[in-house]
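S.K.: Protein chains in written order, with our numbering: chain A, 29 to 187; chain B, 29 to 187; chain C, 29 to 187; chain D, 29 to 187; chain E, 29 to 187; chain F, 29 to 187; chain G, 29 to 187; chain H, 29 to 187.
Hint data in this document are derived by calculation from the structure and do not stem from the laboratory.
Be aware that one or more of the hints could be misleading.
What the hints assert, rightly or not - Straight-line alpha carbon distances no greater than 25 Å define the calculated DSS-like cross-link-like pairs of lysine-lysine that follow:
| # | chain 1 | residue 1 | chain 2 | residue 2 |
| --- | --- | --- | --- | --- |
| 1 | A | 91 | C | 145 |
| 2 | D | 132 | D | 111 |
| 3 | D | 177 | D | 59 |
| 4 | A | 145 | C | 145 |
| 5 | D | 59 | C | 132 |
Predicted, not measured: the structure shown is a model, and the values here were computed from it.
Number of protein chains: 8
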Amino acid sequence: MNKFRLDEVDHQILDMLIDNTRVPFTDIAKKLLISAGTVHVRVKKMEEAGIIMGSSLTLNYEKLGYSFIAYVGVFLHNTSQTKFVLERINEIPFVTVAHVTTGKFNIFCKIRAMDTKHAKEVIFMIDDIEGVYRTETMISLDESINDKKRLMHTIFKDM
Amino acid sequence: MNKFRLDEVDHQILDMLIDNTRVPFTDIAKKLLISAGTVHVRVKKMEEAGIIMGSSLTLNYEKLGYSFIAYVGVFLHNTSQTKFVLERINEIPFVTVAHVTTGKFNIFCKIRAMDTKHAKEVIFMIDDIEGVYRTETMISLDESINDKKRLMHTIFKDM
Amino acid sequence: MNKFRLDEVDHQILDMLIDNTRVPFTDIAKKLLISAGTVHVRVKKMEEAGIIMGSSLTLNYEKLGYSFIAYVGVFLHNTSQTKFVLERINEIPFVTVAHVTTGKFNIFCKIRAMDTKHAKEVIFMIDDIEGVYRTETMISLDESINDKKRLMHTIFKDM
Amino acid sequence: MNKFRLDEVDHQILDMLIDNTRVPFTDIAKKLLISAGTVHVRVKKMEEAGIIMGSSLTLNYEKLGYSFIAYVGVFLHNTSQTKFVLERINEIPFVTVAHVTTGKFNIFCKIRAMDTKHAKEVIFMIDDIEGVYRTETMISLDESINDKKRLMHTIFKDM
Amino acid sequence: MNKFRLDEVDHQILDMLIDNTRVPFTDIAKKLLISAGTVHVRVKKMEEAGIIMGSSLTLNYEKLGYSFIAYVGVFLHNTSQTKFVLERINEIPFVTVAHVTTGKFNIFCKIRAMDTKHAKEVIFMIDDIEGVYRTETMISLDESINDKKRLMHTIFKDM
Amino acid sequence: MNKFRLDEVDHQILDMLIDNTRVPFTDIAKKLLISAGTVHVRVKKMEEAGIIMGSSLTLNYEKLGYSFIAYVGVFLHNTSQTKFVLERINEIPFVTVAHVTTGKFNIFCKIRAMDTKHAKEVIFMIDDIEGVYRTETMISLDESINDKKRLMHTIFKDM
Amino acid sequence: MNKFRLDEVDHQILDMLIDNTRVPFTDIAKKLLISAGTVHVRVKKMEEAGIIMGSSLTLNYEKLGYSFIAYVGVFLHNTSQTKFVLERINEIPFVTVAHVTTGKFNIFCKIRAMDTKHAKEVIFMIDDIEGVYRTETMISLDESINDKKRLMHTIFKDM
Amino acid sequence: MNKFRLDEVDHQILDMLIDNTRVPFTDIAKKLLISAGTVHVRVKKMEEAGIIMGSSLTLNYEKLGYSFIAYVGVFLHNTSQTKFVLERINEIPFVTVAHVTTGKFNIFCKIRAMDTKHAKEVIFMIDDIEGVYRTETMISLDESINDKKRLMHTIFKDM
């Protein structure tokens with residue numbers, strides 16, 4: 029896991045992109061007193077090194093009618109089915125995160141649904157995957173924190 | 029929870045932004061055969077309506093040395109402390125997600141750390157918050173899915 | 029627990045009232061070939077004996093916006109607080125049922141709420157009662173059976 | 029889930045029926061200073077809209093020899109059997125309530141029985157349904173609250 | 029469950045037998061100022077009524093090398109196997125008590141063994157019974173109370 | 029834990045007493061072709077060695093109105109209170125057995141009560157002991173085996 | 029389990045070897061004022077009696093890249109497979125300890141791995157053994173004590 | 029965590045010491061066709077680098093009367109007490125291993141005791157440490173594997 033070396037300029041570019049992925053490179057250049065071409069080259073290099081993997085839109089799911097969040101723990105009949113089950117889970121768009129975990133669950137998922145009725149449908153989709161033995165659901169009453177920006181800034185401050 | 033009405037053009041604009049938040053408005057305009065000004069107005073309207081809340085960079089945490097992911101369930105002495113504890117948790121940048129949940133935990137967090145030793149420090153920070161009674165940790169052995177794009181596309185396809 | 033003796037006529041009257049509490053006594057009388065006065069006397073007697081305690085309307089909670097059902101297990105600091113806590117719970121109209129139970133919970137409640145957000149408020153009301161140590165919530169995805177009539181008919185068939 | 033609009037008069041009629049389903053319409057009319065015909069029409073409309081689904085007798089189960097209440101959590105082999113198992117459970121009159129739930133159980137039932145021995149028979153009936161994998165029972169030591177009237181009054185006060 | 033009526037004399041006879049099952053009837057007679065024949069008749073009657081079922085020796089298991097006590101919870105594949113499994117368990121002399129229970133276990137046993145190694149053998153005997161799915165064992169570190177005499181005296185004092 | 033040596037004659041005497049503690053010594057003597065005096069001496073020796081600790085009557089609790097059996101797991105605030113709590117538990121005659129145990133409970137009790145209501149009172153007595161933090165109850169639906177005689181015979185056969 | 033008698037000299041020899049298994053016998057002899065031959069004879073005797081079974085090197089696993097420690101609880105389909113599964117587990121060098129246990133697990137293992145990824149591989153190796161039904165993993169955040177020397181010294185001090 | 033580089037000769041020396049820590053350096057030298065001085069220098073270097081931390085005697089605890097092994101999970105009131113509690117645990121020689129862990133326990137210990145009675149004393153010593161809230165014990169019925177040599181050989185084979 030050979031780490032790519034980022035210098036101070038890279039950090040400052042990332043810091044600006046973290047706050048707003050759509051900030052124009054010319055704005056970054058002006059702020060950091062470098063050329064827009066340098067910004068472009070640096071970003072390209074970080075993309076090629078696999079450090080910047082893309083960007084994602086932050087939508088207000090509540091306003092879109094998707095306010096129901098639940099965590100679903102999945103028990104498998106046998107861990108040799110892990111890969112197969114994950115591929116099936118990956119076909120359910122309402123599962124936004126899935127981990128292979130230690131502890132009582134084999135796979136642990138985060139789902140977003142419209143309401144209780146829809147959540148039931150999504151949970152049943154997971155339950156119906158071959159190899160899935162049982163699921164346990166924990167419902168979110170309130171998503172209080174969902175913010176990777178603080179972590180990102182901290183990472184670059186510490187490096 | 030009055031839903032903002034999105035029309036077909038809004039959906040198509042969102043579909044393109046979901047795939048790449050940095051796509052220039054002129055590209056969107058060309059593809060949808062509308063003017064860049066229209067794209068600009070539509071996006072602005074969706075931002076003002078609170079549907080588009082921003083964008084976030086997708087970084088490769090493994091390459092940045094942050095490959096350790098864990099879920100931490102938090103038990104409080106009393107739920108009246110929920111708001112206070114969440115504010116303290118919010119000061120720990122390594123906690124990227126936190127929910128108030130049903131089931132055995134009061135609060136359920138996702139953390140990212142460098143390694144076992146660092147994870148221990150982060151867990152102890154949470155444990156040391158006044159009002160926190162106990163925590164239970166479940167460690168991710170593999171983050172297999174972390175993708176909200178499939179959900180976002182599905183939402184706009186279904187609307 | 030001295031049981032009141034019900035005869036065949038009582039059973040038949042009850043059977044008709046179970047199906048429709050609003051059925052006029054004259055209809056019951058006609059069907060059973062007895063006088064309306066007899067029906068009146070019998071019902072009165074069963075009310076005085078405490079067998080008939082009243083009647084309740086069956087409303088469609090979904091149509092009234094109360095589609096969220098959850099079971100809340102309550103842990104007390106000390107069982108000597110059971111009576112006090114039940115009195116406080118009784119002041120929360122969204123709790124429709126509460127039992128003192130064996131097993132891991134001290135008190136077990138059924139609640140009806142409007143949605144996740146409202147459920148959280150109701151759960152927090154319970155959590156905030158003095159003497160309540162922790163709660164655990166299990167959410168109903170679907171109320172499939174809620175029917176005491178089958179039981180009532182069975183009881184009178186068996187007696 | 030389009031909500032039927034109830035006006036103040038509907039609320040007042042419901043408030044009286046909630047307290048006593050057998051109250052004559054003429055009494056309601058007199059109290060609300062409207063005609064009995066209006067009461068009749070309003071109630072009919074609420075029945076047709078599915079808001080009033082019926083009424084049920086409140087019996088004293090203790091006096092009828094049915095003082096044993098338990099909650100039974102049901103684990104299924106596979107959630108695809110949920111519908112089938114619920115139909116079988118529906119044939120057991122001693123099960124008065126059944127929910128599809130989140131958390132560790134697939135189905136959660138409330139049963140009423142005569143005593144420990146009878147409860148065992150009812151639990152074994154559920155256990156013997158094809159597709160049922162295991163059950164866990166929690167026994168009620170005391171049914172302290174069983175009252176939907178407070179909720180109903182609250183709903184109409186808040187609307 | 030028609031209860032046999034015991035009078036004051038029966039209670040006093042039982043009280044003496046509870047303390048020492050080997051007390052001669054002549055001693056009881058002398059103490060209670062009745063004839064030995066009466067004692068004999070009364071005891072016979074209580075035996076025929078099934079109230080006195082026999083007597084058992086209280087041995088010191090520690091001195092006999094059987095100081096290891098454990099409780100074993102048994103999970104069955106299906107409760108329809110309960111009777112069959114209990115018959116098999118009944119063939120293992122080291123199981124001194126077995127109950128059909130509510131809660132997580134189907135059957136709950138008390139075992140006495142010589143030491144850890146022997147306990148393992150006994151637990152494996154139970155595990156190997158057809159229909160047994162899993163067992164969970166809780167080991168006694170100290171049997172502090174094992175005394176039915178206090179209960180027996182209380183029963184007769186209260187009657 | 030120096031074991032007292034029992035010879036073949038002792039075993040045979042014990043075998044007869046196990047089946048019936050009231051068997052006259054003369055009957056034992058006749059059966060074993062030894063003198064009644066020898067039986068007397070042997071039994072006395074076993075009593076002095078602490079092997080025979082006494083005898084107890086086997087009553088039919090169902091017929092005496094005590095058909096409710098439950099196991100109560102007790103959690104203490106601190107194990108240093110174990111001795112104190114056991115002394116308090118020992119004052120409740122409805123607790124017939126109590127163990128200090130490994131696993132999740134500190135103390136594990138068996139109780140006998142008249143019915144659900146009485147069981148609740150007994151459980152609350154335990155709950156109210158100072159130092160008791162919580163209890164969990166598991167109810168017996170059926171006491172299928174309660175027989176130490178098989179064990180006793182096995183012990184003497186194996187020695 | 030006939031215990032070999034160790035005398036004071038044996039204890040002193042063991043005490044020195046416990047601290048340093050490589051201490052030359054001549055050093056032990058000098059310290060204890062006995063001949064090296066005596067030391068040799070005593071050690072040989074303790075080896076033949078099976079008291080000294082060998083010695084093991086204490087390496088710094090962290091420095092060797094093996095800093096990840098976890099405990100894995102193994103559930104079997106049937107305890108009759110215990111021996112077979114233990115033989116398969118014994119072929120995985122990363123499992124350093126394995127016990128047959130009471131409680132919820134059938135077998136309980138300690139594993140050492142290089143990191144989360146490697147731990148996942150080791151856990152999957154155990155999961156893939158025929159007869160293994162499920163595993164649960166608990167991760168060590170810090171091995172604070174790993175020292176048998178204190179115990180050994182205590183044993184010989186107490187004997 | 030800068031890793032010390034070991035070469036092929038170091039590995040071969042370690043391989044011989046792993047099998048027998050008391051093997052004379054001259055034997056190692058002869059086997060590896062190097063001088064005893066080289067062996068000495070290499071071992072010294074590995075000791076100074078902290079790779080070889082010492083050696084420990086492998087005793088037969090069963091023969092020494094210490095055949096009882098248990099795992100004790102410790103819950104703390106607050107994780108800030110972890111360090112203090114570990115220091116107290118470290119004073120109990122019967123605790124041979126202790127970890128700070130994820131999952132439900134704060135600290136997880138392995139203990140060796142003489143028998144059930146002694147185990148109870150050791151568990152109570154842990155329970156009595158200030159800051160310890162509760163413990164849960166899992167008893168080993170059989171230590172089937174306790175062998176770090178396979179791991180050590182694997183490490184050096186793989187490097």
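S.K.: Check each numbered hint against the structure and report the violated ones by number, ascending.
M.R.: 5
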